[in-house]
Amino acid sequence: MSRPGFLLSAWPWRAAAYLLTGAVTGAVTLVVIVVVAAVCGALTLVLVGLPLLVVAALGGIPVAGTERRRLRLVGRAPAAGRHQVPTEPGLRPWLTTRLREPMTWRELGYALLFAVLLWPVDAVAIVVALFLPLSVVATPLLMATAGEGDEAKVLKQWTVTTWPAAYAVAVLGLLLLAPGAYVLGATAGARAALTRLLLSPPEGELGARVVELARSRARLVDAFEAERRRIERDLHDGAQQRLVALSMTLGLARLDAPPGPLADQLAKAHGEAGDALAELRELIQGIYPKVLTDYGLEAAVTDAADRCAVPVDVELRLPGRTPQAVESAAYFVVCEALANIEKHSGAERARISGGHRAGRLCLELHDDGRGGADPAAGSGLTGLADRVSVLDGRLALTSPPGGPTLLRVEFPCELTRAADRSA
Amino acid sequence: MRVDQGGRPLRVVLAEDSVLLREGLVGLLARCGHEVVAAVGDARALVAAVEEQAPDIVVTDVRMPPDFQDEGLHAAVRLRERRPALPVLVLSQYVQRSYAAELLDSGDGSGVGYLLKDRVGQVEEFVEALRKVADGGTVVDPEVVRQLLRRRRDPLEQLTPREREVLALIAEGKSNGAIARELVVSDAAVGKHIGNILTKLDLPQTDETHRRVLAVLTYLRA
Chain X
1 MSRPGFLLSA
11 WPWRAAAYLL
21 TGAVTGAVTL
31 VVIVVVAAVC
41 GALTLVLVGL
51 PLLVVAALGG
61 IPVAGTERRR
71 LRLVGRAPAA
81 GRHQVPTEPG
91 LRPWLTTRLR
101 EPMTWRELGY
111 ALLFAVLLWP
121 VDAVAIVVAL
131 FLPLSVVATP
141 LLMATAGEGD
151 EAKVLKQWTV
161 TTWPAAYAVA
171 VLGLLLLAPG
181 AYVLGATAGA
191 RAALTRLLLS
201 PPEGELGARV
211 VELARSRARL
221 VDAFEAERRR
231 IERDLHDGAQ
241 QRLVALSMTL
251 GLARLDAPPG
261 PLADQLAKAH
271 GEAGDALAEL
281 RELIQGIYPK
291 VLTDYGLEAA
301 VTDAADRCAV
311 PVDVELRLPG
321 RTPQAVESAA
331 YFVVCEALAN
341 IEKHSGAERA
351 RISGGHRAGR
361 LCLELHDDGR
371 GGADPAAGSG
381 LTGLADRVSV
391 LDGRLALTSP
401 PGGPTLLRVE
411 FPCELTRAAD
421 RSA
Chain W
1 MRVDQGGRPL
11 RVVLAEDSVL
21 LREGLVGLLA
31 RCGHEVVAAV
41 GDARALVAAV
51 EEQAPDIVVT
61 DVRMPPDFQD
71 EGLHAAVRLR
81 ERRPALPVLV
91 LSQYVQRSYA
101 AELLDSGDGS
111 GVGYLLKDRV
121 GQVEEFVEAL
131 RKVADGGTVV
141 DPEVVRQLLR
151 RRRDPLEQLT
161 PREREVLALI
171 AEGKSNGAIA
181 RELVVSDAAV
191 GKHIGNILTK
201 LDLPQTDETH
211 RRVLAVLTYL
221 RA
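Those protein sequences? They're chains X and W, same order as listed. Quick note: the first sequence uses full-length UniProt numbering, first residue 1, plus one each step. Quick note: the second sequence uses full-length UniProt numbering, first residue 1, plus one each step.
Simulated from the structure, these hints should not be mistaken for lab results. Any given hint could turn out to be false.
Claimed, not checked - Anything over 10 angstroms on all C-beta distances counts as not near chain X; from chain W, calculated:
no. : residue
1   : Gly41
2   : Ala48
3   : Glu51
4   : Glu52
5   : Gln53
6   : Ala85
7   : Asp135
8   : Gly177
Said to hold, decoys possible - Part of the chain W face toward chain X, derived, beta carbon under 10 angstroms:
no. : residue
9   : Arg31
10  : Lys117
11  : Val120
In this text, a Cβ means the ideal position worked out from N, Cα and C, and glycines have one as well.
Based on the provided sequences and hints, a complete structural model is requested.
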């Protein structure tokens with residue numbers, strides 16, 4: 001509003017439109033409330049009124065909805081109404097959710113306030129800041145029509161009788177429109193801020209943003225996971241198959257090649273193709289192991305333990321499958337921990353134990369190494385802790401200098417029945 | 001150069017979804033004197049082809065359409081449930097004990113092989129493994145075996161390092177003679193080691209081949 005272009009922008013008109021529609025909806029709301037209250041009151045005597053009263057209690061919801069929509073006239077930021085999403089579909093769960101949550105009652109309160117107090121304010125602002133200057137501007141028109149060219153009453157108070165005076169008053173009216181526009185802007189701004197405060201409380205907004213952030217983080221992790229699988233599939237179906245075919249062709253060529261420098265070169269090429277295949281296999285395994293998809297966490301962890309240079313005992317019993325996201329996060333925690341044990345711990349032996357208890361998947365990795373592991377020192381565990389926390393899981397590490405090191409990870413999750421492998 | 005000196009040509013049903021590899025394998029097997037009587041691209045067609053052709057051996061990829069999980073392996077296990085003596089050689093892109101164990105559990109555990117796909121490049125080794133499986137032997141990829149060797153857990157803990165070595169070679173499908181040559185010991189010494197292994201693993205005195213398979217299974221499950 002303090003900007004120089006305010007008067008020429010659309011904002012005064014938007015403010016006027018906001019206040020005008022406010023005055024109209026407020027008046028309509030008042031009428032509806034009075035009528036509903038009267039009907040309910042009358043019907044309560046014959047008991048039919050009670051359910052009606054419940055419906056009336058929900059009356060704030062459409063009013064608040066309209067109000068939030070109207071806020072778009074004077075503000076760019078969306079005002080979200082945070083009603084809880086009913087846990088089940090259907091009218092009854094919806095009704096109980098609505099009647100239980102504070103937002104419904106807050107909205108009803110706002111509707112009453114709006115009907116009784118706020119819309120008259122809107123109306124007064126519109127009349128004073130818009131209609132009065134406009135009627136002054138219209139003085140020449142009044143003189144030409146109602147006053148038959150002889151006289152016109154400005155604001156029904158002062159009489160002008162000459163055309164120059166009428167035009168002078170009209171110019172004055174135009175000048176008055178300018179402060180009027182500021183008044184409209186200020187009033188509309190204050191009204192909008194009040195509505196926003198009552199219907200989209202700021203702390204709630206922060207809460208909603210936190211929820212949205214958590215959701216978007218989970219979506220990112222899902223996308224990341226899907227991408228891992230896609231890369232694994234692409235490498236498997238593309239590069240790996242071609243390398244196997246190449247290795248096979250070279251193998252056949254070697255059978256046919258007479259001994260000599262050509263056969264030696266072929267043998268070298270064959271050996272290199274084989275090395276490339278082995279490397280690619282390791283790479284693909286690191287990106288996304290097939291055994292995790294096919295057999296689940298228990299088999300994948302056992303398999304990861306197989307590949308660790310330090311002997312690892314696995315005591316993991318899972319009578320079912322955990323959700324895919326948990327499975328994958330848990331697996332990569334285990335892999336990272338095993339890699340750390342292999343590289344840094346100097347351990348002679350490690351143990352992975354765990355299971356599913358009381359709605360939680362727990363995994364513990366224990367090693368008899370020198371300890372002193374610090375997740376903050378870029379051990380790769382920090383990133384994993386983030387992934388674990390996305391799933392509401394927890395990761396804890398105790399590693400006193402001198403050992404032993406214990407890493408514990410937990411996820412809240414339910415087990416699904418393991419897929420029937422013989423089917 | 002003759003590659004396979006092991007007697008009669010084999011009638012093979014081949015299942016592999018990659019056209020490149022399928023054609024390559026058909027060529028390779030033909031080159032070695034075997035006949036591919038059906039080459040299919042998915043598990044369903046594999047089952048149908050086996051019903052129709054009654055081959056000497058089935059060679060299948062683990063991962064196949066439609067879901068690209070372990071359909072090929074499951075088709076093989078199902079086929080062996082119906083015909084326990086059907087020799088099956090499974091090719092996998094991964095070193096996976098779970099796959100090998102599931103396969104070996106099917107039928108009586110004889111006449112099965114689990115090889116890394118890389119092995120088809122080693123043409124002689126591959127064809128040799130094919131022949132062994134067709135003859136009712138058990139072949140587990142040396143890579144799987146190598147991984148398992150790292151684990152020192154019951155019941156293998158009671159075996160001496162030399163006995164573990166012998167067991168690993170049995171798992172790779174080697175005969176007593178081949179093991180003796182590899183370890184540079186006499187046949188009798190190998191026989192003694194195997195006897196010790198079977199005793200230590202508490203395997204009942206029944207059919208000789210069968211006990212070897214059981215020993216490999218124990219080894220895989222350890």
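Hint check results:
Here Gly41/W stays apart from chain X, with its beta-carbon at least about 13 angstroms from theirs, past the 10 angstroms limit. A cut-off of 10 angstroms between C-beta atoms confirms that Ala48/W is not in contact with chain X; the least separation is 18 angstroms. Here Glu51/W stays apart from chain X, with its beta-carbon at least about 19 angstroms from theirs, past the 10 angstroms limit. The Cβ of Glu52/W lies farther than 10 angstroms from every Cβ of chain X, with a closest approach of about 23 angstroms, so its non-interface assignment holds.
No beta-carbon of chain X comes within 10 angstroms of the beta-carbon of Gln53/W; the shortest separation is about 23 angstroms. Non-interface status of Ala85/W relative to chain X is upheld: no Cβ of that chain comes within 10 angstroms, the nearest being about 19 angstroms off. For Asp135/W, the condition that its CB be more than 10 angstroms from all CB atoms of chain X holds, with the nearest at approximately 22 angstroms. No Cβ of chain X approaches the Cβ of Gly177/W within 10 angstroms, the least distance being about 24 angstroms, so the stated non-interface status holds.
Nearest Cβ of chain X to the Cβ of Arg31/W: about 6 angstroms, under the 10 angstroms cut. The hint holds. Interface hint status for Lys117/W: upheld, as the beta-carbon distance to the closest one in chain X is roughly 5 angstroms, under 10 angstroms. At about 5 angstroms, the closest approach between the beta carbon of Val120/W and any beta carbon in chain X falls short of 10 angstroms, and the interface hint on this residue holds.
Violation of the numbered hints given earlier is absent; every hint is satisfied by the structure.
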